[in-house]
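> Listed below, chain by chain, are the residues.
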Amino acid sequence: MLRTPLYLKHAELGARLVEFAGYEMPLHYQGGINEEHLAVRTGAGVFDVSHMAEVRVAGPDATAFLAYATLNDPARLKVGRGQYSMLPNDSGGVIDDLFVYREGEDEYLIVANAANRHAVVSHLEGLAAGRDVAVSDETDDWALIAVQGPSAAILLDRLVAPDLTEVKRNATVLAQVSGVPVTLSRTGYTGEDGFEVFVRPTDAEAVWDVIVAAGAVPCGLGARDTLRLEAGYPLYGHELTEATNPLCTDFAWVVKDKPFYVREAMWGRDCPRRLVGIRMVDRAIPRQGYRVLDRDRNAVGEVSSGTLSPLTRESIGFAWVDAAHVEPGTRLWVEVRGRPMAAVVVKPPFHEA
Amino acid sequence: MSTPESLRYAATHEWARKDDDGTVVVGITDFAQDQLGDVVFVELPEVGRKVVKGDTLAVIESVKTASDIYAPVSGEVVAVNDALDAKPETINESPYEDGWLFAIAPSNEAEYDELLDAQGYAATLDEG
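Listed in order, the protein sequences are those of chains A and B.
Adding 507 to a residue's 1-based position in the first sequence gives its number in my numbering.
Adding 275 to a residue's 1-based position in the second sequence gives its number in my numbering.
No wet-lab data here; the hints were simulated from the structure.
Some clues are possibly wrong.
To be verified - According to the in silico footprint, chain A covers these stretches of chain B (three or more CB under 8 Å from chain A):
(1) 301-308
(2) 312-324
Claimed, not checked - Now the in silico label distances, taken between C-beta atoms and shown as ranges:
(3) B:Val353 - A:Gly796: 35 to 43 Å
(4) B:Asn383 - A:Gly796: 32 to 40 Å
(5) B:Thr331 - A:Thr549: 37 to 45 Å
Bear in mind the structure is a predicted one, so any value in this text is a computation, not a measurement.
By construction, the Cβ of each residue, glycine as well, lies at the ideal position given by its N, Cα and C atoms.
Turn these sequences into a full structure, and let the hints guide you.
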């Protein structure tokens, strides 16, 4: 397994380590997923997300190229801002969801899921052929630390010179932490305020130590998943796949009305199924792959993600469901170990955001 | 990981304790609760249920996953730990004491003696 520059920190803290996208990552630390989830919702948590992929796209054609290759529109970005986006495939589905940062007029840094690093890089390289743009995989050049929670901004603000309270959501600022250069972007995957800190791998441990000493609670992938689900964010490989049309979800806003790669496969298509949020009424946890049934026990969908919220103690999830059953308030049943368990369609987020 | 000497074990991470009246009390080991993470739901069997060694008798669900729990001996279920309904996390906090799952009146005394002892169980963990 691969290891991030922060592996020793996880080992020192006694993390339960698991394999994720080929990396040995902390599932949780000694406090457990529930404690970590609550720390992010009430204070500040810190996550090692260095496994994620970074891809630089630069050159005179970069903006037009990314406007074509991605679903959102980078032309709308000021320098120093970022946007959530997706990479369409040639059949109306999605290769990955990603964040696109505009670092310069003709320069972008894309952050993609670790599991899709090579698919994203080779797809972009293929599309870039013959265009005045260079695509380079910078994954190994970056460590990435996410600091998330209502206290995250104040915590980081004390560690850097720039006034972080002035930084807008999705905007980026350069700073130094203990003399080490970092790029801070006001982005995150938890539904809370926070920053993602880009740092050189050799400086990662020092920056992690400072952030933890300042009071951020180390959090692992388990809490990362419960937090994002509760906040209503999709996880690639679950809600979004090569076979899912984002126009059939509440993330359709990402898809801008402009020419893009094989647009005709995605735009204006019917949505026989749509992605919905579900909350269990009976006591059970919905999990990926569980069938969703109507009141006559017909299969009308499938769960894509599910968990028990450490905050609300409700069992929540996402499911792809036949169009006739997608209205909030619709009663459905999730088949859990052979038994239909009652659930209801709800619109995320699942907590009082 | 604690593996009390006084208990018996199955390779599937259940522990068993024979009480003075002969009933076999069953739970999951410290190793198992650690692997599962925070327990959120427990499905326990009905009192009165007849079981054969190896039957799935309970399901423990954590945030991460659901895990089947098997009867280490054959017999009849005579008690279940209803307190786990309200406080499933007891399994994490006290896997060998307050986190017990169910008790079986055994129908075949020899099966208890066939279970692993503490060293035997600990050895399976090292191989894992």
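> Holds or violated: the segment 301-308 of chain B covered by chain A, criterion of 3 or more residues with Cβ-Cβ distance under 8 Å?
Three-residue rule not met by the segment 301-308 of chain B, so violated; n is 0.
> Confirm or reject the claim that B:Asn383 and A:Gly796 have a C-beta distance inside 32 to 40 Å.
38 Å, holds
> Is the gap between the beta carbons of B:Thr331 and A:Thr549 within 37 to 45 Å?
Given range 37 to 45 Å: holds, Cβ gap about 38 Å.
> Taking 8 Å as the Cβ threshold, is the statement that the segment 312-324 of chain B is covered by chain A upheld or broken by the three-residue rule?
holds (count 4)
> Does the Cβ pair B:Val353, A:Gly796 satisfy 35 to 43 Å?
36 Å, holds
Checked against the numbered hints above, the structure violates only hint 1.
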